[in-house]
Amino acid sequence: VSDQKPLGCWSVKHGQILTCPVVCNFETHEYIAVHDDKVLRIWKNKDINLDKVFKATLSADVYRIHSVPRGGPVVLFRGGGVRTLDVLLEAPQQEIENIISDEVIKWSQALMEGQQPVLIFTTEKDGDFFVYVQKLKVDSLHRYELEQQELSKPLSFTAYVKNQMITLLCLYSNYSVYKVLIPLQQNPEEEEEILSKSLLLNLSVSGRVLKGTSFVVLDEDHIAVLGSLGASGKESRECLTIWNTKFQTLQTSKKLPLGTSGQLWCYEEKFFFTHGKVLTVIMYKCETSSLAAAVGKLKDSKTPDVSVFVNWNTLGDEELVVSFQSQESVALKSESKMTLRSKKNTVAKVQPDTLSVGQLLLNLKDASLSVFEDGLRQFISKAQMPDSQAISGCVVTALTNRCIANPKYYPKHFLLDIVQTHDLSYSLCPDLMPLALERKDLYLLQLCLQRFPDIPEKMTYACLKLFLSISEACLRDIDLDLDSVICYIDIDFKNKEVKTEIVENGFRAELEQEIWNTKITEQAHLTTDGEFCPVGPRKAALLNAVLRSAYSETFLLPHLKNLPAQEAVLFLKYLYYVYVKCSEKINTTLPGTHSPTINQILDWMCLILDAHFTVMVMLPDAKELLSNLHKFVRAQVRFYSELNKIEESLRELQRLNHQRDCQTYSIEVLELI
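In the UniProt record's numbering, the protein residues as written are 1 to 673.
Don't take each hint at face value.
Keeping only pairs whose Cα atoms sit at most 30 Å apart, straight-line, the calculated DSSO-like set for lysine-lysine is [claimed, not checked]: (1) LYS153 x LYS125; (2) LYS561 x LYS440; (3) LYS125 x LYS55; (4) LYS255 x LYS270; (5) LYS285 x LYS254.
Hints listed in this document are in silico derivations from the structure and should not be mistaken for laboratory results.
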């Protein structure tokens, strides 16, 4: 989620429908899905095609699968029957009892009380609501009726268990949250009882009413509610709110102008919800609840007795406001468009010590360019961990904003120094790379490609297009990092020619002349083994930075289809060249730092061919290139096929050498059959 890169994608056939959320089995690291109500699918990350993974057709419709840590997946059927996945897989066609008759399941949740998994679900029939509690290990089921509420009905449920007591919270349509206590220790012979509820919280403050759609429990004293907050006669807006149930106060709220789906999830002190078209993740931390914190009267915001901490940094406003403001109801709230992420996919926690950065930027807002830059240099040099990442992002954003406002201003060396010495990411300074593209700052783009872990595919494509289109003459006097090419391309700085070392590893042209006989073209730098490097060393170094950057094929491929045909052919020629250079090495790796791996080269080859296959077939230059590439790959397949034939013989020879004592000198003749 933090790098916004899909790690896997699976789809069902046309006409099939996933009918309940997919879950992960924590014990086996497998995914479990149900499509068309009864068809169960189980697969792992390495599986690609769902048609070829495990399939089981069940005898009844599935409502939901719950994955319980240390407890294994639990399957809840629409008729109220419950089975663990292990029991269900022993006989997929086993009969499933229908418990709830004409009732309809509205909500379900799996809980753990010690080592005991418990499933709780609610049903509705003719306006009446019922609660079922199923203890799996002892196969115990209890049914309760929920006390009715006049002129309102429950919209959402959530629950937690503590000390053999389930606390069920119900969000009602009268803008209130009610609490219901359900003991786990019950006599199986007891008749169905009516559960009484007590008012926990009224979702209103200062005449404004929150029309909640979903909510989650943060701890015993705090809940988060997603809904629309508004007053009579005024337009209501969706927002995320955090409430203190102990003192009946609204702790904090955040407007969501782009709208949500109405669903809110909470896992490991992080909120998950959709905002517009994106999934938003927000960190929070609940501390000891106190009356002073609840009413916003804490004298020292640094004290640990703070009611709730929320990092709003993942939420974007219409304008970028680079400031850190102290709030009365929360320890800290940062109104920023930036998503604080590090290379380890962790969200940077902003501490109260960084509050001065907002004031600094306000003070430097109208300062001269020299004073502005010197002030930022002094400030960023004093930044200490763990706040330096967030502060560096704010400084870079301030610099890019100044550059956008003043086209003549561009602190190239300052920006390079920050990128080289600080742990930044694209999301911390989203305007930096677009600015570098506009100013054609190739060195800065190269460094960003090498260092940023979360560059969007659209930006990666824009860099590739610029690198391929720029002429060799323009690159001649530009300082770049050539470490990725200098070890396998010998650079003569006088005539700018490129020569490579001679390495034999079964792929010399004279040994495979009948298989691949590459024709030589004149527009490239000649190497000593008859192959040409289609680009100069500086352009090669830039292209290597693109090859090493992270991407998702799903999002990159549409952009690559817009790459001009001639540039696509040139890029494929370079990929072919470095592919040959990799294959010359015994370990199939290029020397030097920041050099692409053979897998990265092959992946990009496939991407370019997928995006431009029709063009490659039609263009004469591309036809010849594809032919040479095909011949070279065929030669490699034959070479490795021959190696596979003698693999067992080589293993036997190695075994014999371990068994024999050959003294100091020995000559042996072994015949390989």
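Comparing the hints with the structure gives:
A hinted pair counts as satisfied when its Cα atoms are at most 30 Å apart, and LYS153 with LYS125 qualifies at roughly 12 Å. For a cut-off of 30 Å, the pair hint linking LYS561 to LYS440 stands: about 23 Å separates their Cα positions. At roughly 34 Å between alpha-carbon atoms, LYS125 and LYS55 are farther apart than 30 Å, so this suggested pair is violated. Note on LYS255 and LYS270: the hinted pairing holds, with a Cα-Cα distance of about 18 Å set against a maximum of 30 Å.
Distance restraint check for LYS285 and LYS254: the Cα-Cα separation of roughly 16 Å lies within the 30 Å cut-off, and the hinted pair is therefore satisfied.
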